[in-house]
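Listed below, chain by chain, are the residues.
4 protein chains.
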Amino acid sequence: MRVVVWNENRHEKLNENVASIYPEGIHGAIKSFLQTNDVEVRTATLDDENHGLSEELLKETDVLIWWGHLAHDEVNDNIVQLVHENVLNGMGLIVLHSGHFSKIFKKLMGTSCDLKWREANEKERIWVMDPTHPIAEGVGEYFELQEEEMYGEHFDIPTPDELIFVSWFEGGEVFRSGCTFKRGHGKVFYFRPGHEAYPTYYDKNVQQVIKNAVKWAKPVNRPLATYGNAKPLEKLDEVKENE
Amino acid sequence: MRVVVWNENRHEKLNENVASIYPEGIHGAIKSFLQTNDVEVRTATLDDENHGLSEELLKETDVLIWWGHLAHDEVNDNIVQLVHENVLNGMGLIVLHSGHFSKIFKKLMGTSCDLKWREANEKERIWVMDPTHPIAEGVGEYFELQEEEMYGEHFDIPTPDELIFVSWFEGGEVFRSGCTFKRGHGKVFYFRPGHEAYPTYYDKNVQQVIKNAVKWAKPVNRPLATYGNAKPLEKLDEVKENE
Amino acid sequence: MRVVVWNENRHEKLNENVASIYPEGIHGAIKSFLQTNDVEVRTATLDDENHGLSEELLKETDVLIWWGHLAHDEVNDNIVQLVHENVLNGMGLIVLHSGHFSKIFKKLMGTSCDLKWREANEKERIWVMDPTHPIAEGVGEYFELQEEEMYGEHFDIPTPDELIFVSWFEGGEVFRSGCTFKRGHGKVFYFRPGHEAYPTYYDKNVQQVIKNAVKWAKPVNRPLATYGNAKPLEKLDEVKENE
Amino acid sequence: MRVVVWNENRHEKLNENVASIYPEGIHGAIKSFLQTNDVEVRTATLDDENHGLSEELLKETDVLIWWGHLAHDEVNDNIVQLVHENVLNGMGLIVLHSGHFSKIFKKLMGTSCDLKWREANEKERIWVMDPTHPIAEGVGEYFELQEEEMYGEHFDIPTPDELIFVSWFEGGEVFRSGCTFKRGHGKVFYFRPGHEAYPTYYDKNVQQVIKNAVKWAKPVNRPLATYGNAKPLEKLDEVKENE
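Chains A, B, C and D, in that order, give the protein sequences.
For the first sequence, the working numbering begins at 1 and goes up steadily by one.
For the second sequence, the working numbering begins at 1 and goes up steadily by one.
For the third sequence, the working numbering begins at 1 and goes up steadily by one.
For the fourth sequence, the working numbering begins at 1 and goes up steadily by one.
Keep in mind the hints are simulated off the structure, nothing from the lab.
Please note that the accuracy of each hint is not assured.
Copies of one chain are not kept apart here, so a pair can be met inside one copy or by any two copies together.
[To be verified] Derived BS3-like pairs: lysine-lysine, alpha-carbon spacing no greater than 27 Å straight-line:
hint, residue 1, residue 2
1, LYS235, LYS204
2, LYS103, LYS218
3, LYS204, LYS218
4, LYS123, LYS231
5, LYS31, LYS13
6, LYS235, LYS123
7, LYS231, LYS204
Kindly generate the complete structure, drawing on both the sequences and the hints.
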């Protein structure tokens, strides 16, 4: 299993508080809990050449994790196109938190992906809606983050294929915090938590969910569909065919 | 109810056979069965100025119907953007047949929208999968088109919100022929039949489905969602908020 | 349009507070806002003969509304069977609040329909998840009920076909408060609010939702599916057929 | 992983042709390709004591496979209740072919589960609708069974959570042949092929799908939800609470 964690990595450079929470970057924090004997994790960031994402790397990537916020617009459209093609060809994609506004997520969703938000250090309680789902494995009925940014409905996404988590916020909002989507041969998971100013990616439940999601999102081993002009599989009425 | 039927209208100009089947264009044929006292229908075509689609027209359009095939690439990206915004703001969209490859449908789906196809005058039998759906009103368990182009799976679309029709083809394929999708505040219906070389839009069942779809796709009367920074609706823990 | 409002009508007889809120019974309150020139509303209650639900009445009923709580077990299994058959044949069903534990809802869902609950006069804020849905017509981004019983997740229902509302509760829970389900040829809507000790059914938003749901749930006009042994629609390979 | 294959095992006793195709019974044939070092397979049949299904056995079963046809009515309601409870508590259930009419499947679906059928040795071509799904792993775009019983739409089931396969039949019908459903904490997969008079369970693709489904259906490791009266997780407004 080969995973790439992509991070914008700008807050970490611009903001001391964020840098102190994530001294190795958000990508580094995520890598550190994902890496195991079975999961090889590489990282890539916006300021790397080609954002660290080459055609070769993506081709051999099972699951790509995406965190961005300040600089969605700086992501090159060709790279977005490349990631998009790889998702349609089977690569899993996990979009975290403010990645809801990334070019790749908006392109895959076809909607604005807009939402309500508020930074007020408020409590988030994440409830499991789908107790059958492997992404909820090892997680209780709910888990809490003592301080997070609020994201509130309406979240402008297509109807998710599966709704796994819904968040309750202290300030009165709710949010579909864990959603799956199928696109082409690829699986996409959106997971809400992870504002840069909080130590969210050190939370054991958040880590568990991301680890589960990586397993869930990996491609299935089967041939890609063929498209275009197709010969009939059954004998057609010849008269009509030659009409 | 205000409907706009948009048609590429190129086959009708380039091909005598198509012109003889649809002397008023495919848009004219669709308009003629949709227009009633309650439904005002206008038409617009690719070669009209701005493809016949202005900001003002779309703002007052309840449902837009889209047929295109040869010249998807000639549709101006700004117009696609405009249609997209209107769908997210509530305008219904009905995409017909080869419109699966239109820019607007691909943008709303987020996938390639590719499929298998074959022109062999073969029989299509369209089965109702969802007997509860208003788009299937007045339609029997199935209906047949004696000659149509084949479209076959895999059809590269996101999981439809609702699967209303599945086609059986003489040559051995199946196809999800009637699919609904929600995008933003708008409803989208894809309906497969309608190759330009066959008199499909004169078929009573096809007409019934399109009439039903127009009713189904019309916007609901409610305020648009608000997005962005949001004040709390409940009193927050002040200590934490001012942290 | 013919609607039947079925109510257990026991709290109203046993509890003065409930009787003072709903002097005509919950069924009477619902009837009073549903009845119009276009909608004929009848009521039926548990203690009526055959619970007020005959084969003839149900056959000519477009939508049945169901409120029950104390005496689910007293509902005769034959009547449950009759309602079930009518739903499969196209009759709409709207299940309110504590009706989640009714025999008919459990039979249609196939699950326990269990949930968390608390009576603590707490605030409920009902958020619209699906801004395209006709059941949300005329409703803002959210509406509030100042005092309601809490229902909390996990709500043991199958994945809803559509998730229209999610509730936020003061005590920290969330709940899928507006859910649609298709069963056979019939449409089912579950709507959470309506504890007997609060004047919930006088709330304008609650009334609007129920009025919308009645319109949405009405049967579509088409023949019922036929089941059982079926002759081939295409010529089969005779050798194989007679094998 | 512990799997139980339950088979009615009556055709095998009553019909020489079936007995010659499945000398160890359909359960034996399924066991023989499922059993591996990682998967322990037991079998149980209708005529075993308590149909071979005890409380203890089911408690330690990860996935139950169900084949029945002639004698659905002979299955004891208490056993059906027991299987139902185990599914809601997380046990996976795979229902094969004529099991669509089993008590347990109808109870979990809440519908009639009726369909069209025909025994005419006709060809079935099973198309993959969902190329992302682990149940389709190792399977091409479609696979064929040269002779099978026809099942045709409308199939009276709730909207599946996922539609993985759709069948094309020589005689002109289509069918949703691979469907997933979530019920409580358990996952359910319905798979169409497997008429007793054909050697379907020796087909490599059919075997692959069932092997995949067993992996997919296994319970996730997490606590069961708690239901009933619940203390608030947040401080409530005391005045209102004591009202």
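Structure-based check of each hint:
no. : hint            : in the structure
1   : LYS235 - LYS204 : between (59 Å within a copy, 25 Å between copies)
2   : LYS103 - LYS218 : within (22 Å within a copy, 29 Å between copies)
3   : LYS204 - LYS218 : both (22 Å within a copy, 24 Å between copies)
4   : LYS123 - LYS231 : between (59 Å within a copy, 15 Å between copies)
5   : LYS31 - LYS13   : within (18 Å within a copy, 58 Å between copies)
6   : LYS235 - LYS123 : between (64 Å within a copy, 12 Å between copies)
7   : LYS231 - LYS204 : between (53 Å within a copy, 25 Å between copies)
In the structure shown, no violation is registered for any of the earlier numbered hints.
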